[in-house]
Each structure stands twice: as C-alpha cells, then as structure tokens.
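Residue numbers (our numbering), protein chains in the order written: chain A, 1 to 285; chain B, 286 to 558; chain C, 559 to 821.
Hints are not guaranteed to be accurate.
As the list claims (entries may be wrong) - A partial selection of chain C residues facing chain A, derived with a Cβ cut-off under 7 angstroms: (1) Gln622; (2) Thr623; (3) Ala624; (4) Gly625; (5) Ile627; (6) Leu629; (7) Arg631; (8) Glu637.
As the list claims (entries may be wrong) - Simulated coverage check for chain B against chain A, where a stretch passes if three residues somewhere in it have a Cβ under 8 angstroms from a Cβ of chain A: (9) 395-409; (10) 417-428.
By construction, these hints were calculated from the structure, which means they are not laboratory data.
For glycine and all other residues, C-beta sits at the position ideal for the given N, C-alpha and C.
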Amino acid sequence: MTETAAFRVIHARVRRRRHPLVRWYRRNERAVLSATGIVGFFLLWQIGADAGVIDKLFFSSPAAIAAAGWQEVQNPRFWEDARVSGWELFVGSAIAIAVSVPLGLLIGWYRRLNYAADPWLNFANALPRAALIPIIVLTAGLGIEMKIVVVFLGGVFTIMVATVEGVRTVERHLLDVARSFRAPQRLIFTSLVIPGTLPFIVSGMRIAVGRVLAGVIIAEFYAQTQGIGVMIYKASNSFLQGGSDRMMFGILLFTLLGIVLYETVGYAERYFQRWRPGLDLEETT
Amino acid sequence: MAATTPLPRAAGSPFTWLRAAIGERLFYGLIGLVVVVVAWESTARMGLYKQTLMSMPSSILRVAMEDVTNGSIWPHIWVSSQEFAIGFVVSLVIGIPLGLAIGLFRRVDYLLSGLLAGLNATPNVALIPLIILIFGLGIEAKAVVVFLSAFFAVVVTTFSGVQSTARRHLDITRSFGGSPWLGFRTVVLPSTLPFIISGIRIGAGRALVGVVSAEILSANVGLGFYIALKAQFLDVARAMFGIIIFGFLGLVIGEGVRAIERRFEVWRPDLHH
Amino acid sequence: MERHLALSARGVQMEYRDRQSGRRLLALENVDLEVPDGAFVSLLGPSGCGKSTFLKIVNGLLRQTAGEIKLHRVAKGREDAMVFQDASLFPWYTVTDNVAYGLVCAGASRSAARERAQPYIDLVGLKGFGDKYPYQLSGGMQQRANLARALAVDAAILLMDEPFASLDAQTRELMQAELLRIWNAARKTVLFVTHQIDEAVFLSDRVIVMAARPGRVIADITIEIPRPRTLEVKRTPKFQEYEEQIWKLIGGQYEPAAGATAS
Numbered sequence: 001m002t003e004t005a006a007f008r009v010i011h012a013r014v015r016r017r018r019h020p021l022v023r024w025y026r027r028n029e030r031a032v033l034s035a036t037g038i039v040g041f042f043l044l045w046q047i048g049a050d051a052g053v054i055d056k057l058f059f060s061s062p063a064a065i066a067a068a069g070w071q072e073v074q075n076p077r078f079w080e081d082a083r084v085s086g087w088e089l090f091v092g093s094a095i096a097i098a099v100s101v102p103l104g105l106l107i108g109w110y111r112r113l114n115y116a117a118d119p120w121l122n123f124a125n126a127l128p129r130a131a132l133i134p135i136i137v138l139t140a141g142l143g144i145e146m147k148i149v150v151v152f153l154g155g156v157f158t159i160m161v162a163t164v165e166g167v168r169t170v171e172r173h174l175l176d177v178a179r180s181f182r183a184p185q186r187l188i189f190t191s192l193v194i195p196g197t198l199p200f201i202v203s204g205m206r207i208a209v210g211r212v213l214a215g216v217i218i219a220e221f222y223a224q225t226q227g228i229g230v231m232i233y234k235a236s237n238s239f240l241q242g243g244s245d246r247m248m249f250g251i252l253l254f255t256l257l258g259i260v261l262y263e264t265v266g267y268a269e270r271y272f273q274r275w276r277p278g279l280d281l282e283e284t285t
Numbered sequence: 286m287a288a289t290t291p292l293p294r295a296a297g298s299p300f301t302w303l304r305a306a307i308g309e310r311l312f313y314g315l316i317g318l319v320v321v322v323v324a325w326e327s328t329a330r331m332g333l334y335k336q337t338l339m340s341m342p343s344s345i346l347r348v349a350m351e352d353v354t355n356g357s358i359w360p361h362i363w364v365s366s367q368e369f370a371i372g373f374v375v376s377l378v379i380g381i382p383l384g385l386a387i388g389l390f391r392r393v394d395y396l397l398s399g400l401l402a403g404l405n406a407t408p409n410v411a412l413i414p415l416i417i418l419i420f421g422l423g424i425e426a427k428a429v430v431v432f433l434s435a436f437f438a439v440v441v442t443t444f445s446g447v448q449s450t451a452r453r454h455l456d457i458t459r460s461f462g463g464s465p466w467l468g469f470r471t472v473v474l475p476s477t478l479p480f481i482i483s484g485i486r487i488g489a490g491r492a493l494v495g496v497v498s499a500e501i502l503s504a505n506v507g508l509g510f511y512i513a514l515k516a517q518f519l520d521v522a523r524a525m526f527g528i529i530i531f532g533f534l535g536l537v538i539g540e541g542v543r544a545i546e547r548r549f550e551v552w553r554p555d556l557h558h
Numbered sequence: 559m560e561r562h563l564a565l566s567a568r569g570v571q572m573e574y575r576d577r578q579s580g581r582r583l584l585a586l587e588n589v590d591l592e593v594p595d596g597a598f599v600s601l602l603g604p605s606g607c608g609k610s611t612f613l614k615i616v617n618g619l620l621r622q623t624a625g626e627i628k629l630h631r632v633a634k635g636r637e638d639a640m641v642f643q644d645a646s647l648f649p650w651y652t653v654t655d656n657v658a659y660g661l662v663c664a665g666a667s668r669s670a671a672r673e674r675a676q677p678y679i680d681l682v683g684l685k686g687f688g689d690k691y692p693y694q695l696s697g698g699m700q701q702r703a704n705l706a707r708a709l710a711v712d713a714a715i716l717l718m719d720e721p722f723a724s725l726d727a728q729t730r731e732l733m734q735a736e737l738l739r740i741w742n743a744a745r746k747t748v749l750f751v752t753h754q755i756d757e758a759v760f761l762s763d764r765v766i767v768m769a770a771r772p773g774r775v776i777a778d779i780t781i782e783i784p785r786p787r788t789l790e791v792k793r794t795p796k797f798q799e800y801e802e803q804i805w806k807l808i809g810g811q812y813e814p815a816a817g818a819t820a821s
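Next up, chain A with everything else stripped away, as it sits in the complex (with noise of 0.2 angstroms):
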C-alpha cells in the first residue's frame, strides 16, 4: 500500500548580502550605541535646560557646566581645594592598604582568630561611616585629620575584608601538595597565598574606590573647611545665584575621578587575574 504522506520541508537559510554600511554597524554597534547614549543623554539635557523644561537653577546645563569649570580651572583657590581633597584621599588610601593587607594576611591565616575575628570585620564592613563621624569629629577635631580618619575607614575594611576572602580561598589541594613537599611555612605564604590572594586584595580596592571617594565627600560635607566637596556644598547653597553650574561642575569632577580610578584599579585587577579561569566575587559593584 503507497500513501503518499505530507512532508515537513525544511529549506536551506537563504544568504543575503548586506549593504556595507550596515555590515559596519552590526560590527560595531555596542561602540556607536554607548556613545549615543551618552552623547544623547547630554544633548537632551542641554535641550530641555534652554527649553525651560529642565529647571536651570536646580540643574544646570552642560554649556553653562562648561563654562563655570572653565572658570573654576583659572581660579588658584580651585587648585588648593583639588590639593587638599586629594591629599585626604591619598593619605587616607595608602594607610588603609597600608593596615588592612596585612592585617587581612593574618587574620585569613589563622583560623581561630578568623572564627573570632569575622564578624565584627562584617559588621564594621556593614557599619556606615557616616554614622560614625559626629563622634570621630569629638576626637578629631574638624581639620584635615578627620577626613583622613573617614577615608582610611572607607578603604580599610573592605580591603580587609576582601584580603581574608582571598586567603581562606587558595585551593586547598594546592596546599596539600605544597606540604607534601615539605614546602616551609615562609615558602607557602609567600609563593602560594599572596599571589592567590592578589586579585582578591585588588578586587577589594576597586570596590574601596567608590567608598573613599564617599569619604571624602561626606567628611568635608560636615567640616565645612576645604576641599572640592565643600565647593558643592557652598556652590549649592548659593543656587540663586547660579551656583548649580559650579556645582554641577564639582560633581561631574567626581565622577570623572571615580571612572579614572575604578578603571585604572580594574585594569590592574585585571592583570593580577590573568590566570583565572573565571572569579565571582559577591560586590561587584
């Protein structure tokens, strides 16, 4: 018995060429569509601030933020401001690596100090600074001291943190081998742990950046003294007067510097990272 029975037909895909042009963009669409975005984002500004539909006195436009930062640039007081928010922001970097990495060492080392010393890493980590600056201001006075102290407590425990993630996380079967060889305890540190740990300490200075740059902000918010963060403050205040374009233009400074250091920092993470099949680390961002 024949029967002719219905057939599914799948075809071939038909080839069709491409204008060039749109061959182009489909290459490099992530690249002209971040740059619209962008681009966009500022000319949408621009044309709502002159069409009255953005408030200029709140927000400003970037011509006027242009123009008020070209001004702020010739100005010498601008400079000491950036010295002395810089300043803050070095000192109080380099004495938290300076403190958290070793103590990060020691503390991932040794396993009962890690049991006794965990959670209050996690809950000075959790803790905001800003709640505790009112009583670091008792201490230490309003001066540049202070805002080094908020800086150094932004960096120090999540650098910490992330140092001890770093230890605890080298391969336990590579160290295994490495006693199996009788290898020295000085040996295994330094040849196994530290550089198993590297990308963890670099990872944790990355997301440090963005909690220094708070620092620095909040502390000089509530000292009132010097520095770029009290140039908005100050610029804000006096809003009536055009002050958001200066404002605008120290937030914008901000921005700017945390992109620079986050990518300067991810760059070198990275780096360090090279050898890593793939790390997921919690924070991120």
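Chain A is fixed; fit chains B and C onto it per the hints.
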C-alpha cells in the same frame, strides 16, 4: 551550624563541651565578642582613653534602656524606617525590570551602559546637595538618596543574573517549540531569581548606608540625626547606641533575606546543608 | 508496500565563516540520509564530523546553508524531539515538571502536561521520583528524565545527541540496555549520535559512519544482529567483527588507542 561531632565523654573542661556543642565557629566568635566587650569596658573604666571616643558598654546599655522606655528613640527609628522602605522598594520596582531589560535586549544594554557607569562612579553623597535642592529637607529627599544607593546594585545583579542564564536551557525551550515569552517565564526568570535576591541583600545594605548619610547631613528626625545630635552634645553613649541599632538592623535585614532565599530556592543544592 | 521514511535528507550542507580569518569552513558537506519509520539509526564519527550539527539542523536549532530535509509529518504535535547531552534538566523544576516541559512548550496547560507526563516517568524507571529535584538524582537518573521528556511529546522521531557521554562506563552500559527496553516499548524512530563504536553497533539497525573536515558520510553499515539484544551480545564474534570493520573506516582519523571501547 549544628554540631558535627557527638558530645564528648564526661572528662574534659566545660569549654571543650561547649565548643563541641555549638561548633567551632560560634565558639570562637562568642569568645571574640566576650573579649571585646570586656576589654572595652575595662579599658574605659581604667581611663585608658577619653570617654568621648567610644563610651563603654555599661553606659550604652544604660542609656539604651532609658531611651527605649521613655519612648524617645521610637520616632527616630520610625522615620528612618520609612525613608528606607520607600526608597528601597522603589529601587526594586524600577531596578529589577530595568536590569531584566538590559540583560534581555542587547541594544538597551549598549545605550544605557555608559550612563549607568557614570551614575555608579558618582558617589551618591556628592548628589545629596542637589537632591536637597530639589526635594527639600523632608522624607522625600532621604528616600531619593536611599533609592540611588540601592538602585545600582539591584540593576547590576539582576543584569548579571539574566546574562548567566545558560544558553543550553534556552535551547531546550526552542527545541520543543516554546515561544520566547515562555522561555522568559520558565527559564530566564527562575535562573535569575538567585541573583535578584542577592541584589536585594546587597541593595538593602547600601540603602541602609544611604539613610545614614542623608540624615547625618541634613535632618531633624531620624536615626542618623539622633546620632549626630547626641554626638554634638557629647552624649557619646547615646550616639553609640544609635550606631548599634543600625548595625543590628543591617543584621536583621541580612538574615531576613537569607530566609527568603531558603524559602524560594528549594531547588538549590548549595543552600541545603 | 512502501514504508514511510521518517526522515530524508538531500545534499545538506553547513558552512561557517570564520569571524577572524574570513575562511569558509564546511561543517557538513553534501549529506544524504534516509531513516525509515521505526528504525534505530546511529550517526558515528570523531568530534568535528558534524554529527551533532546535523541533529541540531533537523531539530531546528540551526539552519543549513544548502540542501533539504523532509520530516514525515504526524497528525498532531511535533515531528521530532531532542534528547540533549548531559545536565539539561532545569534545576528549578521537579522531575515531573521537567518531563512535562516539552508538552508545555507545545501549548499544554501545566496540569494537563503533568498528567500526560506521568506514564513516561514510569516507563523510564523513575516511578516515585516525580517530586525530586535534579540535584537529588544521579547522572543516570537525570538522563532517564531527559529521555522521558522527549518521549512525552510523542514525536515520531527521537533525536539523541550523545546522551550517555557524561556517564561513567558501567552506568553507560546499563543505560544502553535500558534504552533498548524503552525503545521496544515506545517504538519510535531514533537518530542517535555518538562517538563510541560499541554503543552504535549495540543499539542500531544501521550505523552511518562520518568523517571530519569536512563533515561527510563515508559509510552506511547495516547491523544484522537479531533483536532483542542484551549486553552479552557485545562479546560475540559477530559484534566484534562489526566493531573492527568500523574501526578500520575511522582508524585514520584517530590516534591509535587501546581497545574498541576507547573514547
């Protein structure tokens, strides 16, 4: 965290027994806690440092009792909770769908990635003057700060959750003729849920920080204000009390989210011990 | 009397363009293939010979660049269903929901699909495990669920992409025997992809041998060992003759390895 070894024989000090009963981690953790509290109290009483630096446990306990019983602490906690709740919930309502959209639609990702990176690089505190300018000094302004603090963490974790959806699993939906919408509901969403919950946990922590920062700088009520006020009046014990409340709230939220995790993710092997 | 062909492929070609070098790579070159209704046919070859690619084209996950494939249309539902290689159950679904998933994709409601899936869960030997999650099952059991999912859809032709590749040697043999038992009960057409010679010979009516670079068919061998077959069949001389024959065909493409069961 139950004891993995049976209770030891009668010989041995009470410490050994305790350690075996509650596990090493908790045992040394408790020791650490006791040591810190005792050291704190004794160095304070010995006058080794100024009281205005950190106060001491007994004082903190005393003022805590006072302020709890006379009710002065509750309005502050209430206002701070409101700011937290409003800002955080809005960040979830906006952040999770946005994270999903960015993860699902490549073009949305490209368009927004530059802007989001810029927003993330801007320390939220720098935006506080601007926010106060627009919203004034009330709860709304603080809620906005809270929103900004949590927003980015929520978006990024949701996004990376969508990205991590196994191509393999979506292939299965396609193979059996399921629509992309079905694929979204049955593959992408369940796959992303662990990440979303993780984002909620991290975002909540950030939101808490946001509440404090905003209040310390400009508030007339709220826990952050309470801390700043007491500190300015050199009432360090109360200021520490306020700080401890924050720490405690953070702990509660963290544990709460972990409980949610266990409830909603029965299928994850690593959550079962 | 003409038996229906479940699947018929003519001149199928799959071409890739290398992103960086711009060179054209032929994953499949001019493949002609016929699978009659109810037959068990294996595609056997080294990695890179395009056997999985061919399967994916039939299933619709990929689209060939030339050639035509005809699938015998069934009255209702899909013509083909795929059994994937390892770890392809959804971890967030129970076994029952996983097995029912193919039906849900076809439009059934969740409860109706779960009901229709139940007999297939029993058929593959997972009775009572319906409410377990994948992480609670062993590798062999997960593959049984995988199989059940494809069976539940009641497609005419079953496409199996190295389903036992991730199992250890003993479980693998057991699953091969199990598969024949289930196939006898369900009587589907099967197109089975593997790179293990003994597996192909044991399971199939016909073994289609492929070579790589470019992917193409080099032989079509009918296995005349009577059914039903048990695992002992693997030690018989006739079986080993077939293995030897195929080994010689493929020989030049592998590095020399000890034993026919080398993988």
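Here is what the structure says about each hint:
Annotation: interface hint on C/Gln622 holds; nearest CB of chain A at approximately 5 angstroms, less than 7 angstroms. For C/Thr623, the interface hint holds, since its Cβ comes within 7 angstroms of a Cβ in chain A; the closest pair sits about 6 angstroms apart. Look at C/Ala624: its Cβ gets to within about 5 angstroms of chain A, closer than 7 angstroms, so that hint holds up. Hint status for C/Gly625: holds, given a least beta-carbon distance of 6 angstroms to chain A, under 7 angstroms.
Interface restraint check: C/Ile627 against chain A, minimum CB-CB distance 4 angstroms, threshold 7 angstroms, status holds. At about 5 angstroms, the closest approach between the beta carbon of C/Leu629 and any beta carbon in chain A falls short of 7 angstroms, and the interface hint on this residue holds. Of the supplied interface hints, the one on C/Arg631 holds, with its beta-carbon coming within about 4 angstroms of a beta-carbon of chain A, less than 7 angstroms. Taking 7 angstroms as the C-beta cut-off, the interface hint given for C/Glu637 holds, the closest approach to chain A being about 6 angstroms.
By the rule of at least three residues with a Cβ nearer than 8 angstroms to a Cβ of chain A, the coverage given for the region 395-409 of chain B holds, with 13 such residues. Residues of the region 417-428 of chain B with a Cβ under 8 angstroms from some Cβ of chain A number 3, which satisfies the need for three, so the listed coverage holds.
In this structure, every one of the numbered hints holds.
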